[in-house]
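In the order they appear, the protein sequences are chains A and B. Using the numbering used here, you'd call the opening residue of the first sequence number 1352 and step up by one each time. Using the numbering used here, you'd call the opening residue of the second sequence number 59 and step up by one each time.
Be a bit skeptical, because a hint or two may be false.
[What the hints assert, rightly or not] Computed from the model, here is a short list of chain A residues facing chain B with C-beta under 7 Å: (1) 1385; (2) 1390; (3) 1395; (4) 1397; (5) 1399.
[Stated by the list, open to error] Stretches of chain B that chain A covers, calculated by requiring three or more beta carbons in the stretch to come under 8 Å of a beta carbon on chain A: (6) 62-68; (7) 71-82; (8) 103-117; (9) 128-141.
These are calculated hints, taken from the structure and not from any lab test. Even glycine gets a Cβ: it sits at the ideal position worked out from N, Cα and C.
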Amino acid sequence: MVKTQLLSGRCGWWRSLDDRDSGWLAAHVMRTVELLALAAAVAASLATENEEDTPPQRSESDPVHVALPSGGAATLRAETVWQSDLHYDVPHVGLVVIESARPPMTEGLASLADADLLPGEQVPGVGLVLEPDEKGWFDGLYSVPLDPDGRDQRNERAASGLRTHWASYLTLWNGSSAQLKVDVRAVASSYDSEPRRPDLWVYPP
Amino acid sequence: VSRWRVPEFMNAPVLGAVVLLALNDHLLKTSAILPAVVTGKLSDFAGLFYFPLLLVALLRTVGQALGVAVPLRTRTVAAAVVGTGFVFAAVKTSARGAATYTAVLTWLTGHPAHCVVDPTDLLALVVLPLCYLHGRRFCEPRRAAS
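Please construct the entire structure, taking both the sequences and the accompanying hints into account.
Here's what the structure looks like:
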């Protein structure tokens, strides 16, 4: 009996729909789709200027290999320039990324920590993690903020907007030789600005 | 005859613009498929095409929910187009406008928003007449005076 009703489409739930206006179901489905589309459009409109959606601008330098003499020290200077067409200052974050460093640089780690980036800490918005292995070796991507608070940062009014100049100094210590591969990733809050390919120096050369 | 209650929004060009904006913001901008200069402008063009009609559709939807009939008139579409263009121009050319817009958006979403003052984005205003012409197709004809 039930099977017959199902096959004939006359069981209770379906019949209750059938008894209504023929367009009742379609109208409600269309109304729901309409409201969902409006909600999605509102969400897309609100999210379009969301900072989380802004892709980072990256400009990597050539790798720099540093061989530190025994008992010596070296200072890495990373510098980059934004030539932006923006007409007011917007916050930017610059990063020095150390891809690898061997052997361990425990004092270098302290220097990294001084840069407000602790081991295991994730760089907001970038996802890089500073986490040496159990031997204290740097083996992976490590990041140091390029001092976004303004030290050694200069803004110059250029003809077509704003020129922002960043430089950061990172002192590396080691008792023996080390090989560093370093690059700079300039992360801008505006995808309209293009960071210049950064320059790197090591002192002493 | 469309059975949508807000046909000015429920049509392929407008919905396509919404999808294009979402794809651009969440996919194209984070990939290297298109240069940043293109993806930076694409959202402006797509957004300006659909946003006035979204405003009209929202107004009419709220009106319907409140039991107030809001007929789709050309002057309603025109007002939405002009208003959108005015706000967009203010945000893209004035630091104060951008700051106000950023503050409102941050308050609405609860997430830090940012906005770039970039007068070259005003190029996207060229789609507003297209938006008006497209929205006008769905407007109810004016009744002849008896």
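Hint by hint, here is what the structure shows:
1. Interface restraint check: residue 1385 of chain A against chain B, minimum CB-CB distance 6 Å, threshold 7 Å, status holds.
2. At a threshold of 7 Å, the smallest CB-CB gap from residue 1390 of chain A to chain B is about 10 Å, leaving the interface hint violated.
3. Interface hint status for residue 1395 of chain A: upheld, as the beta-carbon distance to the closest one in chain B is roughly 5 Å, under 7 Å.
4. Contact between residue 1397 of chain A and chain B, as hinted, is supported at the beta carbon level, the nearest pair being about 5 Å apart and thus within 7 Å.
5. Interface restraint check for residue 1399 of chain A: the shortest CB-CB distance to chain B comes to about 5 Å, inside 7 Å, so the restraint holds.
6. Using a Cβ-Cβ cut-off of 8 Å, 5 residues of the region 62-68 of chain B lie near chain A, which meets the minimum of three, so the contact claim holds.
7. Counting residues of the region 71-82 of chain B whose CB lies closer than 8 Å to any CB of chain A gives 4, which reaches the minimum of 3, so the coverage claim holds.
8. For the region 103-117 of chain B, the stated coverage by chain A holds: 6 residues have a C-beta nearer than 8 Å to a C-beta of that chain, and at least 3 were required.
9. As drawn, the region 128-141 of chain B meets chain A at 0 residues by the rule of a beta-carbon pair under 8 Å; below three, the given contact is violated.
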